[in-house]
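A.B. asks: One-letter residues, chain by chain:
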Amino acid sequence: MARVVAILTDFGYRDFYVASMKGVILSICPEVTIVDISHDVPKWDIRSAAYLLFCSYRYFPEGTIFVVVVDPGVGTERNIIAVKTRKYVFIGPDNGVLALAVNSDGIEEIYIVENTELFLKDISYTFHGRDIFAPVAAYLACGVNMEKLGRKSGKIKEVFMSKPYVSSNGILGEIIYIDDFGNAATNIDKSALRAIGIDYGDRIEVYVGDRYYILPFAKSFGYVREGEPLMLINSCGVAEIAVNRGKASEILELNLGAKIRLKKYSQVE
Amino acid sequence: MARVVAILTDFGYRDFYVASMKGVILSICPEVTIVDISHDVPKWDIRSAAYLLFCSYRYFPEGTIFVVVVDPGVGTERNIIAVKTRKYVFIGPDNGVLALAVNSDGIEEIYIVENTELFLKDISYTFHGRDIFAPVAAYLACGVNMEKLGRKSGKIKEVFMSKPYVSSNGILGEIIYIDDFGNAATNIDKSALRAIGIDYGDRIEVYVGDRYYILPFAKSFGYVREGEPLMLINSCGVAEIAVNRGKASEILELNLGAKIRLKKYSQVE
Amino acid sequence: MARVVAILTDFGYRDFYVASMKGVILSICPEVTIVDISHDVPKWDIRSAAYLLFCSYRYFPEGTIFVVVVDPGVGTERNIIAVKTRKYVFIGPDNGVLALAVNSDGIEEIYIVENTELFLKDISYTFHGRDIFAPVAAYLACGVNMEKLGRKSGKIKEVFMSKPYVSSNGILGEIIYIDDFGNAATNIDKSALRAIGIDYGDRIEVYVGDRYYILPFAKSFGYVREGEPLMLINSCGVAEIAVNRGKASEILELNLGAKIRLKKYSQVE
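Chains as they are written, first to last, in our numbering: chain F, 1 to 269; chain S, 1001 to 1269; chain L, 2001 to 2269.
Hints listed in this document are in silico derivations from the structure and should not be mistaken for laboratory results.
Since no wrong hints were added, every one of them can be taken at face value.
The calculated DSS-like cross-link candidates involving lysine-lysine, where the alpha carbons are at most 30 Å apart (straight line), are:
#1 L/2121 x S/1087
#2 S/1219 x L/2152
#3 F/43 x F/247
#4 S/1121 x F/190
#5 F/121 x L/2084
#6 L/2121 x S/1163
#7 F/219 x S/1043
Bear in mind that the values here come from a model prediction, so they are computed numbers and not experimental data.
Please construct the entire structure, taking both the sequences and the accompanying hints into account.
C.D. replies: This is how it looks when you write it as structure tokens:
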């Protein structure tokens, strides 16, 4: 059966990089189905890539091989790893970019990718996506056993992503991703909101930097009027600040990495 | 035989949204061929999406399933519909986005998509593209009968797109799409131009806002010199204002939705 | 066996153009695998397209059919050609866009594409990518013999790309591509650097316009500190000016087409 290879990079869509990887994959394993996750990860932004992988991987067919090339350390000392999880295989630099996804699905085996027989013959110093990641993924897709990749390893590098801090004063968290609509995703999930008694229909006080907003907590964009802000649980399961048919990141001046504090709004007489 | 599923959204290329839809589709129907129409429809712009679908659908193989997710009303009351036309199937929100294409190909049956057995088990409030549209398309691609989708319906919502108004004073129309080259497509087709006696080689007076241009009506860009404007019939069959190797929208200040009036230019002694 | 069709255009990702081509291809030859090389070639920039094709083609499976539509002369007199090389087939306008790739792989046969039986029935004046290039590629992918395309031809138009000039005063070259990371690729390959005695670990004097830089010549980005510039051999085999985790084109003010002069840096007491 043809396996799926899903690719996530910060290479952008203009250049020959992604196409070269696909050419290599199809040369080795012609029957594979290649899917692009995204190639517009903010350059060198390991955390955004980790978030995008985490939000998408579980929707792919069992056995999918994920190839992640957000690799600011390319050409220097850093391991390339392949991680077998409960349902998938992930290949990437060991810089934390795989951490959220593989921990979520459940790590079974970790290999250091070092068997040069599975690489292209000429390896550049700057494009391991094409010369190492792509051929390795293709060989796995066509049936090469993971044990052929190299040594087993015990653990992977974790990506920084602060957990929210919940206290009687509310929840302290941060903005971990801003999407193409300008929606600002936080590291605060629904259970954290419930822990401080917030439910749909409530209003939420949100402090970002020196600004302060009172946002309705609603199920979807259309529950508020056009141009109005709200908080919702996004399709990746985390609290998100949005504007109905508007760019929250611009309108409310929300930046990647900004700390936010939120609590239930109670009108006092 | 593997069917084609073609996807048109305003999700952009940065995020995990399109990839999640593809993962869902391939999980349900692995042998399908997925084609992106575009994911850079201007956000929430139903009319641009309707135009892009209309211009491209007829070039796809018979039986192609089109999935259109330009859906500003997601999570609120609006029907999701599936439309069987003469040669294709279209799935989208009933907000007019399918109208131009399905009317052009000929509507045979309309279904309200409401059979939750064909949806993902957990349905988010904000991402029906992944949770409803994608699995429904995949089931259809793999042979599920359209009658399984839900109730039959009698009509779809139409998208606003004014017809041009032809009089002795010329043609009144508007700019309905601006493409990546800066070409400005209008809602005026070749037969309307012929109705007022315009043919290739003529010059056309064009009034846009308080500006006024005399444009040659030519077959293609290269018929005028580099940097010069012209009017032509574009590859979707409508009159378009363009500049040879230039961005007409910037050079001539043309905006989406602008009204234009045009007539045949006759030099008077 | 399913063949690969790889597409390179300057159409962008917003419009219906690329999707229409894919629809046409899949209508004629459903079992083909379509790969996008890029659709964000700078508009009408034949040289950038030639570079992207040259850098990527050799990684594709033998027999891949490359379709290149960077075609400022569409609708006027210019031939469409199909070139059989040692391992591949290339289809494009005869404006030089294929030159670097086909010369590199080795030209075996050149055909003028003129058999209208292989075109769509209605041919627009502005979109030969859909109406001619796509169906011709699909017929070839599904086994039509190249001799059916039209007359044989003896040569193709060359694309302008100046060779570097090596003298005792250093190497004179130019910037031929700027990628999405802001890396500036030159037309100077590693053998030219070696010819003037430059090797990894050396420093290089680089003159661009009225500016002057001394850059370390390193194997990869990570050999210098974040924010620092360097010169390296890029993954296409040419000398490139880069900044570790930064945009060299902006930081060092490097423009496409700029002349550069470089020589080995020797510190004098």
